Structures are given as structure tokens and as C-alpha cells.
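Residue numbers (this note's numbering): 169 to 433.
Some hints could be false.
[To be verified] Now the in silico label distances, taken between C-beta atoms and shown as ranges:
| id | residue 1 | residue 2 | range |
| --- | --- | --- | --- |
| 1 | G420 | S256 | 33 to 43 Å |
| 2 | D412 | T274 | 18 to 28 Å |
| 3 | S256 | V372 | 30 to 40 Å |
[To be verified] Cut-off 25 Å, straight-line C-alpha distance, at most; resulting in silico cross-link-like pairs (DMTMM-like, lysine to aspartate or glutamate):
| id | residue 1 | residue 2 |
| --- | --- | --- |
| 4 | K357 | E289 |
| 5 | K186 | D266 |
| 6 | K186 | E208 |
| 7 | K186 | E377 |
| 8 | K186 | D326 |
| 9 | K357 | D253 |
| 10 | K186 | E290 |
| 11 | K357 | D183 |
| 12 | K357 | E391 |
| 13 | K186 | E275 |
| 14 | K357 | E248 |
| 15 | K357 | E320 |
| 16 | K186 | D253 |
| 17 | K357 | E275 |
| 18 | K186 | D393 |
| 19 | K357 | D393 |
| 20 | K357 | E290 |
| 21 | K186 | E320 |
| 22 | K186 | D276 |
| 23 | K357 | E377 |
| 24 | K357 | D424 |
Derived by calculation from the structure, the hints in this document are not laboratory data.
All values derive from a computational prediction rather than experimental measurement.
Just so you know, even glycine gets a beta-carbon here, dropped at the ideal spot from N, CA and C.
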Amino acid sequence: MPPTKKRAQRVRGYDSAKTRAAVLAQFGHVRDAVLALPPEALDGPTRLGAWTVRELAGHIAWMVDSVPALLAAPEPAQRELALLDWPSVTSAAAGRIDEHTRGIGTEDLAGLYGRTLAAYEEAVVAAADTRLLPVSFGAMTLGDFLVTRTVELVVHTDDLSAATGVEIPYDRQALAACTRLLADALAAKAPGGAVEVRVPPYAVVQCVEGPRHTRGTPPNVVETDPLTWLRLATGRAEWAVELDAARVSASGERADLAELLPLMG
């Protein structure tokens, strides 16, 4: 599905060089954390169903390794999936992703992460952003697909930290790209101007049908921090719980996003 003019404007601000570097930087943070874990920690549980820490670590590597793997495949004839459509289609592949993850979780993680890092750096260095990739959900440009890798990396960094208790750094550009894409996806899912959603310092979007705010303080405002936002957007947190804990502020009679979340699972 080709992007509409409105959607093209929303995603135009992603800087290719920064996004490529952000994927590399965040993967490096995860690699350092994973390789420092004691062996017994790898068999621990995660909040992702039956996945162990080892399987989660393998899955993260696969999400980055998909870049060189797709670049090595024949290029599709035309673009089929716009960036803002990606969050809503990912749940369709849950079963296939789970099966594949169980397999890669048995590999030596040091070797897996080393191979993945080298393959990514070699593959993207000369590849154009407009190069089409045969993603299972539909052909995407490399530039768009790399933005989705920041979402996978940042969200799963949070999963890994929750499972191990290890504080893993977030690359600022990776966190910014992840936050912005999920905010834009909300605006695409519920277009309108009645509610302003703020995720400082990275994103502000207007959404939900109704009177559009133009000047002064909007009548309906939602504000939260980036990590809370990505947890809400991916179903790792519940709207009511985060609201009660004051990790989300929502003012105005239309500022309830519970029915619009999560955006991806």
C-alpha cells in the first residue's frame, strides 16, 4: 500500500545516517549486556510468554540480522507496505516469530552477536534507503525498515532489562525514532485533532476525531515519558494502571486512549 501524502509528511523527518547508527549503537548496548550475564541468568523467565532470557537475546539478534538477510534477497518489484502500516500488521506473524526464536535461542550468543554485528555493518554501508526489501508483511524500503529495527531494539531492550534487572543504556536516536513511529502510528490509527499526545522530548501528535486545537492550551492532552509510552503502545502496560500510577497524565473528556491501545503486540 503506497503511503498517502499525509503519511509521507509524517515520516519525512527520519535521518538515514542517524537511524543506521542508532540501530548499531542500540544493538551494541544489548550485546554488552547479554554477554555480561552469568550463564544461569540466560535460563530465567521473561514477560514474553514462555521465552527465556536466552531466547529473547536470540530474538533481538535476529531482528538486526534480518537487515543483511533481506538485502541479500532479490529486490521486489514495488513497495507494498508504508512505514506507518507496519505496527498494525506485526501481530499476524506472532506464531512464526515464536517458532523461529525457539530455534535461534540455542545458539552460542557471543558468536551470534558477533556475526550479526559484522553482517549488519557490511550490508548497510553501501545500500540505498530506497532499496526495497522482501519483508514478510510486504515490501518495504530499507530506510523504513531500519526505523522499525529501532522499535524492535528499544522495546526488547526494555524487556531484557525487566527480565534481568540490568540497566541497559538507550541510544538517544534509537529511543527517539521508536517513540516517534509509535506516536505517528497512533495518529494514523485515530486521525483527528481533538487530543494532543505529548511524549517529551521526542514526539507530539494530534489524534482522535473532534474539534481541532489551533491556539493556546489544548482541551484534551495526554502526556507521558518515552518508556511508558512504548509499553502502552506494545501492550506491555495497561492504560488504567499507568494513569493511576501517575506515569500518564490525561486531561479533558476525550483524553482516554484505552480503546486505541495497544498499537502492536
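Going down the list of hints, with the structure as the test:
1. G420 x S256: 33 to 43 Å: violated (26 Å)
2. D412 x T274: 18 to 28 Å: Given range 18 to 28 Å: violated, Cβ gap about 41 Å.
3. S256 x V372: 30 to 40 Å: violated (21 Å)
4. K357 x E289: Outside the cut-off at roughly 34 Å; violated.
5. K186 x D266: Violated, at about 30 Å.
6. K186 x E208: violated (36 Å)
7. K186 x E377: violated (34 Å)
8. K186 x D326: The given pair, whose Cα atoms are some 21 Å apart, holds under the 25 Å limit.
9. K357 x D253: Satisfied, since the Cα-Cα distance of roughly 9 Å is no more than 25 Å.
10. K186 x E290: holds (17 Å)
11. K357 x D183: Distance of about 24 Å is within 25 Å: holds.
12. K357 x E391: With a Cα-Cα distance of about 18 Å, the restraint between K357 and E391 holds, given a limit of 25 Å.
13. K186 x E275: Answer violated: K186 to E275 is near 30 Å, above 25 Å.
14. K357 x E248: Given pair K357, E248 holds - Cα atoms ~18 Å apart, limit 25 Å.
15. K357 x E320: Holds, because 20 Å separates the two Cα atoms, which is no more than 25 Å.
16. K186 x D253: Given that 25 Å is the threshold and the Cα spacing comes to 22 Å, the pair holds.
17. K357 x E275: At roughly 38 Å apart (the allowed maximum being 25 Å), E275 and K357 break the hint.
18. K186 x D393: holds (22 Å)
19. K357 x D393: Answer holds: K357 to D393 is near 21 Å, not above 25 Å.
20. K357 x E290: violated (36 Å)
21. K186 x E320: Holds: K186 and E320 sit about 16 Å apart, inside 25 Å.
22. K186 x D276: violated (30 Å)
23. K357 x E377: With a Cα-Cα distance of about 11 Å, the restraint between K357 and E377 holds, given a limit of 25 Å.
24. K357 x D424: This hinted pair holds, its Cα atoms lying about 15 Å apart.
Figure legend: structure checked against the earlier numbered hints; hints not met, in rising order: 1, 2, 3, 4, 5, 6, 7, 13, 17, 20, 22.
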